[in-house]
Each structure stands twice: as structure tokens, then as C-alpha cells.
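Asks: Bring the two chains, given one by one in their own frames, into a single complex with the hints.
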Amino acid sequence: MDFTTFLIQILNAMQYGLLLFLVASGLTLVFGIMGIINLAHGSFYMIGAYLAFALTSMTGNLMLSIALGIPLAFAFGALLEWLLFSHLYKRDHLEQVLLTYGLILIFEELRSLTMGDDVHGVDIPAMFSASIPLSDTLSYPVYRLLISVVCLALAAGLWWLMQRTRLGMMIRAGSHDRDMVQALGIDINMLYRTVFALGVALAALAGMLAAPISSVYPGMGGSVLIISFVIVVIGGIGSVWGALVAALLIGFADTFGKVLVPEFAGLAVYLVMALVLLWRPEGIFRKG
Amino acid sequence: MNPQNSSRIALVLKLVVLAGLIAFPAFGSSFYTEMVAKILILGIFAMSLDLLVGFTGLVSLGHAAYFGIAAYTVALLTPKYDPADLWLALPASVLAAAAAAFVIGLFVLRTKGIYFIMVTLAFAQMVYFIFHDTALGGGSDGIYVNFKPDASIAGWVPFDLNEPIQLYYFVVVALVAVFVFLTLVLRSPFGRVLVGIRSNEHRMQSLGYATFHYKLAAFTLAGGLAGVAGFLYAVLFGFVTPEYLSWHQSGNVLMMVILGGMGNLAGAVIGAFAFIGLQEMFSDWTKHWQLLMGGVIVAAVLFMPGGLSALPRRIMKKVNGERENG
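Residue numbers (my numbering), protein chains in the order written: chain F, 79 to 366; chain U, 11 to 336.
No lab work stands behind these hints: they were computed from the structure.
Lysine-lysine pairs mimicking BS3-like chemistry, simulated, CA-CA at most 27 Å apart: (1) F:168 x U:327; (2) U:48 x U:297; (3) U:48 x U:90; (4) U:48 x U:24; (5) U:327 x U:24; (6) F:168 x U:122.
Pair by pair, the computed Cβ-Cβ distance ranges are: (7) U:193 x F:171: 25 to 33 Å; (8) U:16 x F:197: 54 to 62 Å; (9) F:212 x U:91: 51 to 59 Å; (10) F:168 x U:193: 28 to 36 Å; (11) U:212 x F:165: 27 to 35 Å; (12) U:20 x F:165: 31 to 39 Å; (13) F:171 x U:168: 40 to 48 Å; (14) F:171 x U:175: 36 to 44 Å; (15) U:200 x F:261: 40 to 48 Å; (16) F:149 x U:40: 50 to 58 Å; (17) U:258 x F:168: 22 to 30 Å; (18) U:198 x F:171: 25 to 33 Å; (19) U:200 x F:171: 24 to 32 Å.
C-beta atoms are modelled at their ideal positions from N, C-alpha and C, and glycine is treated no differently.
For reference, chain U alone in the conformation it holds in the complex (with noise of 0.2 Å):
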């Protein structure tokens, strides 16, 4: 197959894909409908992550903190009694985000590898105990988002988040549009020499890239697509909660990617799929659902490098190769 054809495939398997989510209200129920916005909402934090883990090689345990940002962000310009405009309340939310990557970002960027890791992790961490420990954002018990965000524009309503369904394609549309955004992102030149930092980063700068200033940008984008997701799961649920930056958020959306398969933007989001996939079902099976989870990550280290969206590859490979050697 050559890569012409290959990526034409690709693109009309996405295209079937996005009419599935499309007319999928029509036919699931609305708690089905609830969950598989939920699993997009993910989707856009795990192809947030993978813009840092799969294309720049920055392994990041703490994305969860920009997701929980943008989700208290949100909840707390919420009025008591009224709704926050949304116009204000999602862009504020994603700054946010943004922001405090930019300045965690200052820090965690000057140190490589395992540093990196745990560096980020324990800055999370950090902004974990700030609204847990203080009264900031409702401490330990969270915070209720009790109006969902208003979307009128000067008098003119053209869609209301109240209803189920336009929630759900408002999630959509979102997804679409951090998908695309991304793909463009990666195509310029900006996005090849993430690529190139990731492949070798040494090269990059003695070809004169200043690389510390690439990372951070990468790293303030990836934290404000992530409060793209973080403000609409707050939206979606209605409360926040410290453990939306926990570091078991951070380690589960990494899960994500590497099921998906890293460095694979559509893979993220069939990544996010599986996971709260075999999460639903393990806990319909048992109580102790965790146990076989840990299991799946594991074996799935051991035994299956590159992930879920590596799979179609690799069986063909095998295919291929047993032809040729029959």
C-alpha cells in the first residue's frame, strides 16, 4: 500500500467516525450519549498530552493540573444564582490553563528525562494541595458548577448547553476543532521542529533552534487545550473536584495516549475510547475492576510496544511477513 492511499484511507476512516459521533444521540440513549461525551471530553485532554509525550518527547505526570485548573476557572466565575457567560467563562478558563503552564513550564523545563517526570508530577501535585488544602475552591469537597455556562450572544441564543444534545455537539465541535487545529500546528514549521526536538534535540539547537523556547510554547499550548477539556468536563458534570488533579487523572490520560499509540492524534482519541471502555466494563464485572486494569497496562507493556493504533500495522506486518516466507 503506498502512503498516498494509506492516508486516504485514513482521512475517510475519520470522516465515518465523525458521522458516527454525529448521529450517534439518534440512536444511543442519553446516559450513553453522557458517557461518550464524556470519552470525547478525554479525547481532547489525551491529544493535548500527546502533543507533549508523542511529538516533542517531553513525558509529562502532571497534565491533570491544567485540566483542573480550567475546571475550577470556570466554576468559580460561575455567580451563585447565574450562569457564567460563555464567551468570557471558556476563554478565561483555557488562559488560565495556559498560564499556569507557562510558568510550571519556566520551571520543569530546565530539568530532562526522569527529572522531567517527576518534576511535573510533584509540581501537580502542588497545585493539587492548593485546592485541596485551602478554601479557595471549596477545599477537599469541591465545588458546584450550578448553572451551565450561558451562550448567548447580545440577545441572540444560538445554542443552549442545558440541553443534553447540543452539549453533546457542542463537545463535538470542539473535538473537531482541537483535532484540525493540531494537525495544523504539526504540519508548520513550528510543529516540525517539535518533531525534530523529540528525535534529537541536540541537533535542533546546533542547527540555531532556541529549544527551551519551543518547549514552553508546546508546553503553555498543551495546557490550554487541556483546559479546553477541563472546562467542558466542569460544564458536563456540573461540580469540580481536587480530583480532576489528582496525579491518578494525570497517570490515566497518559494511559490514553499509550493505548492510542503516541505521536497519533486520532489514536489519543481511541485511546480515551479504550480506556473508558475497559474501565466501564471491568467495573460492571467486579468490584475491584483496578486489578484487571492494572493487568491490561502491564501485559499491554510487555507484550504490545506502540499501542492500540499500532495493532492494524503490526498484524499486517505478521500477514506480510508469513507471505513472504511461504
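Isolated chain F, as found in the complex (with noise of 0.2 Å):
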């Protein structure tokens, strides 16, 4: 591997860990706040990707129906939160991974209905579709480093929003004691509200922003929910900075297993976390 490829490599690393990171750092969340553990998280993500490509279809503008989809995926969060999940808090994790199983299959269907089972492409916005060249004959794409860094830039927002605000604030002190912040005066459910839906409209995010390079098609949800799960893991459940080293480690086991050992690359980010249990079987970044 030379050192063009080679840096192509961990640009490829860094891309898809961090769009993982968006994923997962809304399931880590609702985890450790509110301690529900979310099946239908993967789903999420699928719907923004389709959000992505019907509203794209409609405007004709990707970077426009972002704009338009981030908050609609925020209100359909909270709307969720609203409907079901708020019943869920003082169930055992066995019905709320029936519950959210039962949800994943409902999306699906209602996936199938309304758009159909094909798989469907999103054009790169035309104001990013160029290629930075690198050597004579490889280049890369401006759209995936912009996927970087907005991904980076929401994750150095999040890191604002949990550690120096006031919302982030009162969510911290959710996690640890709920009653203690109620007896506060704080509406704990306003705050879970904020919380799922925020985790929604992240996870939904790096649907619409994946949409383009990797398409739109059925099933996307279950592969992404089952690596978020493997970064939740490792990263320690509640932990945003664990989420955000764990999505590079996988990012980087994933993307360098497929170029090393093709065969066996399926199973890299696994052995990862395999190993990661064995080391600390709470993750790297344990709270509490």
C-alpha cells in the first residue's frame, strides 16, 4: 500500500467512524440518561436516509432538505418519546427490547409501503461533487470530507451542549438521580423529551448525510444499529467522549480489515470489541 492509497485509507476510517459516532452518540445517551436500550435506533437512521432521498426527489436540493429534515426528525422523536417511550422508563430492558423490536418491524413496513423495496441513489449536492486530487491517478471526494467535518464539528457541539450549558447541565444530573432533579423543579420528562429526540434527529442526520455515498435501501437500519451497539460497548454507555473514540477505533478496524483481510473483514470490528470486553467489560470510558 502506498502512502496516497494508504492515506485514502484513513480518510475512508475517519469518514465512517465519525458518521457511526452521530449514530451511536444519541444511543448512548438514551441509554445512560434514561436507561432504555433503543432497538429501533438503526430504524432512525434508515428514515433519514429515505427522508433524505424523498425530500431530495421533492427540492431537487440535498444540502435544503437536511435543513428541512433535521427538524422534522426532531419533532417525530419527540413525538415517539411522547407516544411510547415514556411509558417505558420504569419497564425492565426485556420489554423495552420487545417494544422497540416490535417498532423496527412497523418502520419496515411502513418503509416498504410507502417507498417501496428498491434501492434508490441521492446525488452529491453539485457544490461538493468535485474531487481533490492526491496523485496522478487517485483523488478524494469533497463530500466525504465534508461528512468529517460536520460530523466533527456536531461532535465538538455536542461536547458544548453536555459540558457547558445549562440543559447539558441538568441532563448530567438526570443520569445520576432522577427524583434528586425533580424535587429540583426540573420537568425530568421535557428533559428525556429533548434527549430522545435529539438522539433521533443525530441518528437521523447521518442517515440523510450517508445517503449519497452509500444509498438508500432497505434493511440500512439493523447492520448500522448492531455496530452502534459493538461502539455503546466499547465506548462505556453514557459516555459521548467513549462513543467518539470507540466510532474511530471501529471506523479504523472496519475500513483497514477490508482492505488487509477482505475475507475475514466482517468480523474485525467484533474482535475489537471481543477484545475490549475482555480488557474492561464495561468499556474504556466507564461512568459512575
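Replies: Below, the structure written as C-alpha cells:
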């Protein structure tokens, strides 16, 4: 592998890892703060991608579609929390697994009913469709760089939100002691609704950003869900920072696994997880 | 109703159901005989998971891995132009599944709660990729079991699995055997420890039980019994695909356990009947049957805690309660 190819693979690994971080960060927040295991989180990624496809075919512009799609996803998340998830906080994990598994079936069939079962493509917006030449034959697409930059900015924003704002403080407090936060006069239900909706919006955004490079296809939520689980396990439940590190680790393991041992590429990610489990069963950045 | 009476009624009910299962092929068409055989196999699968979920308190979302490993084992042990020896293939499949559960158990049992759910799912997905991505078992196309295993012992042929009816009875016998075996296990001191772990693992630890070893034994046992189901499923349908190990399969069997009410072996079998029954009914109505299935599952969680087998008790409670009030 020459240096340029190596550089491209590093950029790919980062881009993939950072995109996974968007999905996993919402998952880990909902786990950590509300204690809810949400199997349907991958569906939000799928919904985001289909939303990007549907809105882009209407508006003709992916950037505009994303701008429209984020508030839609956020509202959808808030609605879902109000209708269903708010009933799950006091139930055990098994019932959470059950209900969210049912939701996956519902989301997949609604997708099939409304959008069909075909694979769709979404065009990269014209202004980002260029490639940066790296050598005579190799180049790197601007859009992939853009994804990395957006995800990094969001990671920084999320850190700022959690550590430096009043909302973040309330969220962190709520994850430690729900009753105490409530006793202090904070509307914990509203807080939970906000966090859940934020998680849905982040996962949907990941789907929308990924739509042009991965295309839009049935079942795309399932594989992302399981990889996100692996990330949350490695990073430690509830740790956004852990999710970032773990997502990058997985991005590199997967990308370089595909380059170096193509036959066993699917396994690389899980081997990393097994090693981390031996070393630290509760994740690298375990909380509390 | 005193508990002794109600357990006697439960036993009578089970025997009546068993008699019904034995008589079924005389009345049902071959299509339905095969479907009932399929349901009974899934019932074995659900019982094996119930040992973990319902009795030990371990929510595994990757149980299809062991089902699939056993199915692949019989497929790979069957020569191209000959049947495999049943008395070799069956134990080999079960052992392969149990061995895989033992190794994976060493990793996953280091975790608890939500972690455990996620990690069992992830390891099952790893096994899925082993069979999906490599040529070992025909890749994503799967592999045929060209011949059903041969049951002959030194020239004597006690039964022939190529006969659908005999295969059906073989499945019924396996179901009863697994049911009785698990009932005995749960009544033994070992089973008592498992139930103790479910209600309070810390207390069991302070009583001096090495709970990790008990959980590992339960996990291995459940994997092996899932292997019995996987073996039978592969023999019944004659082919094995990676979908046998997919996480949807793990999810479906968990649905069966919960639908039937956890911690109840007969309930697991009822759950398998209910799940496949609903699936058949809905897919008769519409191509988008999963929408209805998903709706039923969501509604069941919201409105029916305890599953189907808790329904009679809940109704009784309601009736009695109203009588007391009135």
C-alpha cells in the first residue's frame, strides 16, 4: 500500500467512524440517561436516509432537504417519546427490547409501503461533487471530507452542550438521580423528551448525510444498529466521549480490515469488541 | 383454587395437548403436519431461551447463533451423496452449539443488563458473518442437507426420517424429552441456584455460590438445547442459510418466549404456536404482515404484561376481584 492509498484509507476510516458516532452518540445518551435500550435506533438512521431521498426528489437539493429533515426528525422523536417511550422508563429491559423490536417491524413495513423496496440513489450536491487530486490517478471526494467536518463540528457542539450549558448540566444530573432532579423543580419529562428527540435527529442526520455515498436501501438500519451497539459497548454506556473514541476505533478496524483481510472484514469489528470486553467489560470510558 | 389442584390441572392439560399432538397427523394434511413440526421445533428453541431469560434472568438477544451453528454442523456433516449417521450427527450438532455457547459465554457473561443484551447480539452477528462472508457453508446462498440423517443402528432401522410422519413423531419425542429434561434441571439444586440468580445475584454470591460458573453452565446448556432445535430444523427443511443465525431469528424466538410468558416452559411452546399462528394469519391477509406483527408486539408490551400464559390468571383475578367488590 503506497502512501496516497494509505492516506485515502485513513480519511475513509475517519469519515465512516465519525458518521457512526452520530448514530451511536444518540444511542448512548438514551441508554445512559434514561436507561432505555432502543433497538429501533437504527431505524432512525434508515428513516433519515429515506427522508433525504424523498425530500431531495421534491426540492432537488440535498442541503435544503437536510435543513428541512432535521426539525422533522426532531419532532418525530419527540412525538415517539411522548406516545411510546415515556411508558418504558419503569419497565424492565426485556419489555424495552420487545417494544422497540416491534417498532423496527413497523418502521420497515411502513418504509416498504410508502417508498417501495428498491434501492435508491441520492445525488451529491453540485457544489460538493468535486474531488481533490492526491496523485496522478487517485483523488478524494470533497463530499466525504465535508461529512467528516460536519460530524467533527457536531461532536464539538455536543461536548459543548453537555459540559457548558444549563441543559447539559440538567441532563448529566438527570442521569445520576432522576428523583432528585425532579425535586429541584426541573421538568424531567421534558428533559427526557429533548434528549430522545436529539438522539433521533442525530441518527436521522447521519442517514441523510450517508444517503449519497451508501445509497438508500431496505434494511440499512439493522447493520448500523448492531455496529452502534458495539460502539456503545466499547465506549461505555452514557459516555459521549467514549462513543467518539470507540466509533473512530471501529471505523479504522472496519476500513483497514476490508483492505488487509477482505475475507474476514465483517469480523474485525467484533474481534475489537471481544478484546475490549476481556480488558474492560464495562467499556473503556465507563461512567459511575 | 389451591396450588396442588392447579398443578394437577396443568399436568392434565399438558397430557391432553400431548395426546392432541400425537393424534394430529391422523387428521391434519401433510402441509399442516410439517407446519406443526416446525412450530414444535421452534418451541424447543424457545424453551432453551426461556432457561436463560425466564429462569436465570439473562436476556440473550443472540440465541439464534447456537440454533444456526447446529444447523450448519448437520449440513456440513452430511456427505454429498449419502445420509449422515443420526447417532453421530445429532450429538455432534448439539456439542458444536454448546461449545460455541461456552466460548461466547466466557465473554458475554462478564457483562450485565443492557450490556449483556447488546453483547450477545453482537457476538451472534459475528457468527452470522462467519457463515455469510466465508465459503465455509456456501456463503450467503446457504447449503443443502441433501439427505436426512440415517437412524439405523448396526443394520437395524428403528425409524426413517425420510417419512414425514416419522420425522414428525421424532420431533414430538424431542420436544417431550427437552421439556422433561428442563423440568428436572429446574427442580434440581442447580436449577434452584439459577432462579436465585435471577431474583438476586448478589445474595447468591454472598451465600457462597460462584454465580459466574452457574450462569456459564446455564448459557452452555441453553446453547446446546438450541442446537437440538437447529438440528431438527435443518433436517426438516433440508437446507441451511445464514438467515438461521440472523438477529431477526434471535428477536423472533425472544418474542415467542415473552408471548408465552417467561419462566414457563409450556408457555414457551404456546408462544411458538401463537407467534407462527399470527405470522401465518397475517401473511394470508397481506404482504405487509410485519406491520400487523409489530403492532401486536407493541400493543402486547403496553397492555398485556406477563404474556399469553398469564392471561387466564389475570382474567381469573379480574373476575374474582369483581366478585369481591360486588
